[in-house]
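Novice: Now for the letters of each chain:
4 protein chains.
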Amino acid sequence: MLNIGLLGCGRIGQVHGRSISQIAGARVAAVADAFEAPAKALAEKTGAQVMEAAALIASAEVDAVVIGTPTDTHYDLIHAAAAAGKAIFCEKPVDMSADRIRDCIKAVEAAGVPFMTAFNRRFDPNFANVQARIAAGEIGAVEIVTIQSRDPSPPPVSYIQSSGGLFRDMMIHDLDMARFLLGEEPVSVYAVGASLVDPEIGRAGDVDTAAVTLTTQSGRICQITNSRRASYGYDQRIEVHGEKGMLRAENVLENTVEIATASGFRKAPAQHFFLERYDAAYRAEMAHFVDAVINQRPVTPGITDGLRAQILADAATLSFEKGTVIALG
Amino acid sequence: MLNIGLLGCGRIGQVHGRSISQIAGARVAAVADAFEAPAKALAEKTGAQVMEAAALIASAEVDAVVIGTPTDTHYDLIHAAAAAGKAIFCEKPVDMSADRIRDCIKAVEAAGVPFMTAFNRRFDPNFANVQARIAAGEIGAVEIVTIQSRDPSPPPVSYIQSSGGLFRDMMIHDLDMARFLLGEEPVSVYAVGASLVDPEIGRAGDVDTAAVTLTTQSGRICQITNSRRASYGYDQRIEVHGEKGMLRAENVLENTVEIATASGFRKAPAQHFFLERYDAAYRAEMAHFVDAVINQRPVTPGITDGLRAQILADAATLSFEKGTVIALG
Amino acid sequence: MLNIGLLGCGRIGQVHGRSISQIAGARVAAVADAFEAPAKALAEKTGAQVMEAAALIASAEVDAVVIGTPTDTHYDLIHAAAAAGKAIFCEKPVDMSADRIRDCIKAVEAAGVPFMTAFNRRFDPNFANVQARIAAGEIGAVEIVTIQSRDPSPPPVSYIQSSGGLFRDMMIHDLDMARFLLGEEPVSVYAVGASLVDPEIGRAGDVDTAAVTLTTQSGRICQITNSRRASYGYDQRIEVHGEKGMLRAENVLENTVEIATASGFRKAPAQHFFLERYDAAYRAEMAHFVDAVINQRPVTPGITDGLRAQILADAATLSFEKGTVIALG
Amino acid sequence: MLNIGLLGCGRIGQVHGRSISQIAGARVAAVADAFEAPAKALAEKTGAQVMEAAALIASAEVDAVVIGTPTDTHYDLIHAAAAAGKAIFCEKPVDMSADRIRDCIKAVEAAGVPFMTAFNRRFDPNFANVQARIAAGEIGAVEIVTIQSRDPSPPPVSYIQSSGGLFRDMMIHDLDMARFLLGEEPVSVYAVGASLVDPEIGRAGDVDTAAVTLTTQSGRICQITNSRRASYGYDQRIEVHGEKGMLRAENVLENTVEIATASGFRKAPAQHFFLERYDAAYRAEMAHFVDAVINQRPVTPGITDGLRAQILADAATLSFEKGTVIALG
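Protein chains in written order, with full-length UniProt numbering: chain A, 1 to 329; chain B, 1 to 329; chain C, 1 to 329; chain D, 1 to 329.
Derived by calculation from the structure, the hints in this document are not laboratory data. There could be a bad hint or two in this list.
Any copy, or any two copies together, can satisfy a pair, since identical chains are not distinguished.
[Stated by the list, open to error] Here are the simulated EDC-like cross-link-like pairs (lysine to aspartate or glutamate), alpha carbons at most 16 Å apart as the crow flies: (1) LYS92 with ASP72; (2) LYS92 with ASP169; (3) LYS244 with ASP151; (4) LYS244 with ASP198; (5) LYS106 with GLU36; (6) LYS40 with GLU52; (7) LYS106 with ASP76; (8) LYS106 with GLU276; (9) LYS40 with ASP99; (10) LYS106 with ASP305.
Start from the sequences and build out the full structure, keeping to the hints where you can.
Specialist: Here it is in structure tokens:
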């Protein structure tokens with residue numbers, strides 16, 4: 001039985017709490033949050049103890065921690081948890097600064113603890129199926145990856161202002177997905193963007209509509225488009241073209257019902273947003289973490305995956321700001 | 001070069017005229033119609049001569065006739081054309097009376113001329129593909145056939161009154177398709193129906209909504225539904241379930257465009273009606289006839305297929321009228 | 001908090017136990033089973049007490065019972081639970097005999113307790129959506145209902161022998177669905193069937209391939225096909241044609257991934273079988289029961305729905321055996 | 001009746017000849033080709049006269065010319081036809097050199113003759129439907145355009161060598177489509193590419209896999225991907241995301257048949273290549289030309305559309321060669 005301590009009991013902490021409840025080999029042993037109410041509520045639901053974060057990390061009854069606190073607290077919590085020898089499951093982004101992530105990598109490697117960067121989309125059953133079939137050779141060598149990712153509606157400008165910008169806040173998921181599917185590291189990044197959805201976002205110095213092109217050493221290409229708006233639900237699609245064929249994962253619709261009338265054949269919108277769309281992915285990523293820690297198998301995506309996605313997001317931001325192509329080491 | 005004489009220059013005669021124009025090895029040599037205008041128009045378009053029907057049939061310059069005149073004239077024209085040794089392409093139904101079709105069979109067999117009953121749907125590229133793949137064993141032995149066939153809107157009651165009723169006028173196409181796909185002759189027929197679309201149709205003694213169940217000696221089952229109404233276009237679908245899997249042909253939509261909005265994902269309606277939906281089928285059936293006659297290969301569907309479909313339509317009508325199951329010889 | 005006693009801790013009892021665990025207002029208070037091991041296991045998972053069935057029904061700590069025991073025990077358990085004033089959730093079929101169901105109705109009505117017949121498919125989000133939109137008038141008056149229902153593979157002949165036959169064991173779900181969608185009671189039943197999948201099933205006096213046609217007073221038609229075999233997964237589709245259009249619910253596939261190669265565009269098979277396909281439906285039906293009992297709202301489908309489905313299954317069986325159409329009161 | 005002279009009787013000339021035959025208000029009056037055989041064959045089929053190109057252009061019996069000769073002959077033929085006052089339908093590209101196209105524009109404008117650049121894809125019923133619905137405001141202002149275009153298999157290297165390179169030979173269609181759909185002129189072009197399909201193509205100095213990003217003044221984005229290989233047929237898809245929703249045109253498959261087996265649900269490959277896929281588009285573009293010339297309505301796309309597409313293709317080629325973003329006037 002893996003005893004897990006939850007650091008952060010907000011929306012994502014609750015998601016992870018529910019996932020752990022459904023895994024045979026794990027339980028929520030302790031919870032911590034800056035606010036009392038959410039910590040207490042989650043504790044009641046799961047039978048966990050409420051503790052201070054430091055005490056939770058230090059507790060002998062906690063084998064692993066799930067870090068679901070604000071991004072700027074990750075750095076210290078990772079260092080503390082690593083020092084305490086706990087396995088670490090950390091929400092993305094690991095940190096807003098690539099250099100600080102490098103610090104974390106040192107701490108984690110020095111401690112020798114398992115570390116998982118929670119890029120949940122790798123565990124979506126559809127996207128995971130695409131990647132597994134690429135790995136199995138079903139379409140031969142990858143040539144072109146196309147990723148479409150659109151939120152149903154923009155967040156408030158207050159959120160935008162502290163988000164690090166679209167490329168670091170939203171596209172980082174797609175940049176990780178690109179690495180997951182390309183099978184090679186990107187060597188160039190080109191980004192364009194505009195504020196077409198909400199002028200307030202533009203005035204806040206960010207974009208709400210963007211596209212990135214990545215290339216790899218051998219010439220593979222990835223194109224990504226992002227928008228903070230999609231009237232038809234949470235638009236999450238990937239497509240991979242290889243030498244033998246093409247694999248694509250379509251949106252998950254609200255249901256399978258189709259109505260036919262004089263205006264044609266109409267299906268439901270896409271599932272509304274990430275909690276619903278990635279429900280299975282959240283459960284699968286936690287199951288992977290628990291299984292890997294218990295059975296001492298590699299945890300993936302690891303902390304260097306977190307670093308590389310951040311480097312790509314930084315490069316995309318820079319490319320957009322300068323209007324030039326950015327070459328990567 | 002096969003010289004074809006068109007008997008009947010109405011809507012369907014014009015369709016066949018266009019088809020012949022696109023076939024390398026055939027030409028419209030002569031046309032005949034009770035009215036002068038359509039005959040002249042078709043002659044101009046195709047370069048054919050306008051003739052009286054009797055003269056056309058007798059003409060040494062005509063190798064084959066296409067009978068597209070009203071049903072009650074088929075009997076005499078078939079006898080005349082057979083006696084003149086012409087290959088015959090005849091619109092369905094061959095005749096409203098099974099006994100009179102039996103007479104025609106005798107005449108055609110005595111003359112030894114090729115005869116094709118124009119069940120055009122067998123030549124629809126989608127349906128033909130389904131049948132070819134059944135024949136190739138892709139789904140093993142057939143178990144259940146499901147046919148959905150709905151017109152976009154009901155014909156005028158005046159048409160209904162002389163149509164022979166829905167089972168003979170509309171469902172006869174599906175009954176032939178059932179035979180085409182089942183691979184065995186039906187041994188029982190059960191029909192239900194109602195007037196749900198237009199009460200005038202009910203008052204005229206006919207139905208506008210109907211369903212039939214057929215069974216074969218070995219236990220194969222076919223279910224057919226018909227309606228004189230479908231807001232979403234001409235609904236023409238078949239599905240065949242066999243021991244190894246299922247084959248189905250979906251509707252042909254007006255285009256491949258999909259729009260996604262807050263109300264979901266919407267595609268175009270089905271192609272509107274038979275001239276559009278079966279355009280390729282009309283061309284393919286004529287190409288088959290010309291090729292078979294020129295190369296002295298079997299013409300199919302033949303006149304006995306016309307007879308058997310009529311027998312099934314008669315049995316369905318009787319089943320509906322009596323409310324009982326009808327056993328077939 | 002609704003305290004629920006589970007009668008029967010086999011596969012379906014475990015499903016209901018899991019569903020209850022996810023409902024805020026209910027808990028598994030007690031469990032009973034003829035065998036100790038499954039009862040103990042389910043008790044451990046849910047924190048419930050293990051009891052004898054009679055004691056469970058009598059217990060003051062139990063507000064409602066879930067009957068998931070073998071069909072031949074339902075009659076006595078329903079009578080006992082009704083007498084004890086418990087709300088009752090009962091697996092289908094209520095009983096194999098319509099007369100004995102009528103006895104149960106008397107007992108339930110005399111006791112005035114809520115009773116739910118667990119026709120889970122009514123709670124499938126796709127099928128429920130179709131029914132809700134019919135009720136909302138989206139396609140106008142219903143004209144034709146088509147139900148396709150196929151198991152992935154046949155059960156062992158030993159199961160067949162005590163199953164009551166395909167019409168009572170398998171098609172009863174579709175007969176209930178027909179009532180759910182037609183909006184009118186069937187007045188005639190015609191059934192055909194054959195043993196095409198497994199000759200052993202035929203030798204055991206049952207069919208594995210069947211079709212039924214239902215009609216209602218106003219002329220609405222329902223066609224149902226069943227097979228004990230479908231290579232492509234659990235085939236569960238409904239389609240409803242009405243005056244204004246058509247609503248259909250397609251199969252739920254294992255994922256949304258499509259591969260394109262020289263052989264075409266291929267998607268995943270349908271979800272394999274009922275536990276997976278109707279997972280959401282099992283949760284939704286229990287949520288409905290708990291909500292209705294707590295808030296004293298009508299429970300549906302009720303015990304008369306269980307009776308009517310059984311009457312239809314009996315009529316279909318008789319129709320098949322006699323080869324005739326059966327009229328219903 | 002518009003009398004058309006066909007310059008060039010190769011594959012594309014034959015396509016246009018067939019299209020003209022199906023248009024009521026036009027006929028092929030004369031044909032010319034460097035080789036006698038194809039000219040004679042086409043003349044026989046259409047009833048046209050065989051002439052020398054110069055004589056054809058000069059002929060008083062020719063109202064309009066269709067230029068389907070090799071690209072390097074377009075310049076002289078356009079000048080001659082313009083001087084002769086003929087309406088001109090010209091295959092793409094107008095010329096490989098933007099400057100020479102500017103010369104042609106002067107000649108055409110000086111002569112005041114109608115000129116159509118044959119970007120046939122604008123007339124594909126699916127793509128035309130997308131553009132018409134954008135114009136009608138169905139998705140509001142355009143934000144992101146995604147174009148996927150892949151040939152089934154690469155041409156021989158000999159063709160590649162004189163093609164001007166992928167961006168000018170293949171992607172020019174997509175660059176025109178981008179302009180058609182964006183509704184604004186691109187102001188920046190970024191291109192990447194590699195030789196992943198056939199190393200011979202790389203050795204010939206070209207790419208077979210490429211992607212382009214375009215931006216417009218207001219911030220609209222277009223992403224295009226091209227490949228010289230697609231195992232599943234001719235991959236031709238467009239997708240446009242706007243403020244109110246998304247419009248997309250999927251591939252046209254060979255038929256509507258789907259087979260379901262243990263390996264899932266499989267549909268036919270995409271239609272194989274351009275003659276089949278754009279058959280309707282070829283007919284529609286000629287119908288537009290004939291109608292516009294006869295009724296003195298604007299012909300579109302015009303010669304400046306040919307110029308702008310060429311400028312974009314040149315910019316993409318330069319961007320790829322330099323590895324930088326190219327700003328456009």
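Novice: Against each hint, give a clear statement of whether it holds in the structure.
Specialist: How the hints compare with the structure:
For the homomeric pair LYS92 and ASP72, the shortest alpha-carbon distance inside one copy (11 Å) is at most 16 Å, but the shortest distance between copies (55 Å) is not. Taking identical chains as interchangeable, the C-alpha atoms of LYS92 and ASP169 lie at most 16 Å apart only when both belong to the same chain, with a minimum of 9 Å there against 44 Å between chains. Proximity of LYS244 and ASP151 under a CA criterion of 16 Å is satisfied inter-copy only: 13 Å between copies versus 32 Å inside one chain copy. In this assembly of identical chains, the alpha carbons of LYS244 and ASP198 lie at most 16 Å apart only when taken from different copies (13 Å versus 42 Å within one copy).
Within a single copy, LYS106 and GLU36 get their C-alpha atoms no closer than 33 Å, and across copies no closer than 53 Å, so neither meets the 16 Å cut-off. Taking identical chains as interchangeable, the C-alpha atoms of LYS40 and GLU52 lie at most 16 Å apart only when both belong to the same chain, with a minimum of 12 Å there against 37 Å between chains. Taking the shortest alpha-carbon separations for LYS106 and ASP76, only the intra-copy value of 13 Å comes in at or below 16 Å, while the best inter-copy value is 68 Å. For the homomeric pair LYS106 and GLU276, neither the shortest alpha-carbon distance inside one copy (35 Å) nor that between copies (44 Å) is at most 16 Å.
Taking the shortest Cα distances, LYS40 and ASP99 never come within 16 Å of each other, neither inside one copy (35 Å) nor across copies (54 Å). Taking the shortest Cα distances, LYS106 and ASP305 sit within 16 Å of each other inside one copy (14 Å), while across copies they are farther apart (58 Å).
Hints 5, 8, 9 from the earlier list are contradicted by this structure; the remaining hints agree with it.
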